[in-house]
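Listed here are the chains, written in short residue letters.
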Amino acid sequence: MPSAKAGDKSTSRWSGTSDFRSALVEWIGDHDGLLRPGYDGHGTTQQILDHQRRVQRLLYDENWMRWGWPEAVGGLGGTALFRAVLGEELTSRGLVHTAAFSMPEVLGPAVVHFAHTEVAKIAVPRMLRGDELWCQGFSEPDAGSDLGSLKTRAVEHGDEWVISGQKLWTSWAHHASRCIVLARTEEDRGSRGITAFLVDMDTPGIQVRPLDTMADVDEFCETFFDEVHVPAARILGERGGGWAVAQYILACERGPIFWQRGGWLLHHLGELSRLVEPGDDLAAQLLGEAYADVIALRSRSRTTQYDLAEGQRRGAESSIDKILIATADQSVFGVAREVLGGMVEFGDTPVADRYRKEWLYSRAASIYGGTAEIQRDIVAAQVLNLPRVAR
Amino acid sequence: MNADEIGLLDQTVSALTQQHEGPELTAALDAFGWREVLTDEPGAAISAIFGNQGASGTWSSALHDVLGAAVGVEETTAVLVPHPGKTATCRLDGEYITVEGLLLGARTGSRQTLGAMPTEDGRTALVRFEHAQTSFQPIKGLDPAIGTVMVSGSVDRARLEFDDVDATITWKAAISSGRYALSHQLVGTLAAMHALALTHAVERSQFGQQIGTFQAIRHRLAESHVAVAAARATAVGMGEVATGRDSSQDDRSLAGAMSKLVAGRSAAKVTAHCQQVLAGIGFTSQHPFHRFMKQASSIDRLFGNPAELSREVGHQLMLRGEAPRLLDL
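In order, the protein sequences belong to chains Y and C.
The numbering of the first sequence is the working numbering, which starts it at -16 and goes up by one.
The numbering of the second sequence is the working numbering, which starts it at -11 and goes up by one.
Hints were generated in silico from the structure; no laboratory data involved.
Where hints are given, some of them may not hold.
What the hints assert, rightly or not - With a cut-off of at most 20 Å between alpha-carbon atoms, the simulated EDC-like pairs for lysine to aspartate or glutamate come out as follows: (1) 134/Y / 171/Y; (2) 104/Y / 171/Y; (3) 74/C / 171/Y; (4) 257/C / 356/Y; (5) 74/C / 300/C; (6) 282/C / 9/C.
Just need the whole structure built from these sequences, with the hints factored in.
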């Protein structure tokens, strides 16, 4: 029997997240065949994204993907906790890959918040439905941790801006329809002279070159902008206010995404606990240690989810969540490598393939989205208010 | 209990733990009516009492009250705490029962002790002793403030009163509440150590600069802060599961273990970072650091150290074939 659509008027007022969750879990149970990835092993980027587009379309058409997003952009309203719950229920069953499923959460809220209403109204529903993938043009070859020193420039030209420069580590740029680009619009003003643009990736002058990584996952790209013309209406937020957009996006990265990534980590720990030899004391101890890191992350992240749902955006405090998730991520996949007895290094089965790639990818958890060192600098300066002078 | 009431409870207890310690603190808590709060609002009561005891480095009979409440005995009976490395306090040796357990600031008026003993068929029984049946040896140990007494002896099985021959679940629950309570006390001591190190980083200058300007120091303090925040959030989150009426028995027990495990893992980091930041002055007994460090290190051994707890939890995961979420939004 087909279950009621999540957005039908009869069920449109969830009494709370647990109500939402039980209906969602029942729906997932009824649609497992459609939601389960069709490939073995880790999957290529193409396979992961194709699968995710299918899942997102189904979720959007059945309304699950619309809860927690404002009605003005095709959502059905309600708390952002719905989005965190949806992500968790999918990743904790291994139905979507957490990295790819993070994209709507990284960039969606910023476009809702900062884009012109007309732009958001068209772009956001397409992104939620999986018709469009977006990417994030922040880092540059010479602007990593020191993002404020970015060199990509945008020059005003009538009612257009002309962007030139090079971005690095642009996830899924080769599959993306749009990109949020940070560009310098005023010289020598540091982080204050930066503006954010929502750029269509089919605009002439954009060239994308995928980067080979040690994790054998072709997610990251180098993206070149050669006199790319962008309408002024595509500015996100204020002219010169790009830093605020970037901060907003970084805060979003630490919201529902961390909750669903916690589900992803539990999914793998659960699988590992079934793969190890029963009674193995050393494996038990290692699994227990990794589980402790995940539970610490989830306990902390839960308070952040509630704050976000009430409209409180955490600034520097979110660096604590970021440090905890990098720790948990590396802990879980580090333990996987230990307990799988050489499978990661000397196996080619689908399970070995998955854990090899996840383990390799996890090595970057303390680098991407702000390095572990930058996070500690932020906590020291802005949370602990330690005096500044030397480095 | 609403947020205001919890705030008031915390304030009141904070004042008591700063003014009193040991039996005097126990008397002050009794006068305040802490055991009634423990019955009505176990989560709030435990976090307020133990968190504040940790923050002030004090100790009372509260741990025995929590254990007593979990097994359902009156205050004249003190529940024996397993020696570090052990999970029970009695064992069967033929016709005799060998007792070995700790009292950690038990009430001065107690007349009996209650021990937990594994039975031949793998269950746990609770056994009651008169004080005269065992010997008591005060232990100074690492942290004399805890008021440790080692209880030991060998008692004729026929002369013993069995409280409960199948108390497996009850004893599990007692261990879980002990772990939960001590995790809050650890959070308090860790926060106190962190605050001392932070003050020192601002007040102490070397090379003509406050040492808090040096990145090596800043990163240690940042990591220490993150470890305290993780332990606190986990103690609060796991407390909801450990004292929650809707939680399954297995989840409650797992939550108690997780609360203590995360606090223990944080304790190792915070203790090391803060000791290093405090450097010379922190090594002297004139500076208060050592009191918190000694208390944290002692508590860390009780009801399972991090290695033991990790192993126990890992076996749970392997038995269940999953890594339970424990927390939902």
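- Are the Cα positions of residue 104/Y and residue 171/Y separated by 20 Å at most? Measuring from Cα to Cα gives roughly 35 Å; hence the hint is violated.
- 20 Å limit on alpha-carbon distance, applied to hinted pair residue 257/C and residue 356/Y: This hinted pair holds, its Cα atoms lying about 17 Å apart.
- Message: Checking one constraint from the list: CA of residue 282/C to CA of residue 9/C, max 20 Å. Satisfied?
- Response: Given that 20 Å is the threshold and the Cα spacing comes to 16 Å, the pair holds.
- For the pair we were handed, residue 74/C and residue 171/Y, check the Cα-Cα distance against 20 Å. At roughly 65 Å apart (the allowed maximum being 20 Å), residue 171/Y and residue 74/C break the hint.
- Query: Are residue 134/Y and residue 171/Y close enough, with their CA atoms no more than 20 Å apart?
  - Reply: Given that 20 Å is the threshold and the Cα spacing comes to 10 Å, the pair holds.
- Message: Need the status of pair residue 74/C, residue 300/C: alpha-carbon distance at most 20 Å?
- Response: holds, 13 Å
Of the numbered hints given earlier, the model fails hints 2, 3; all others are met.
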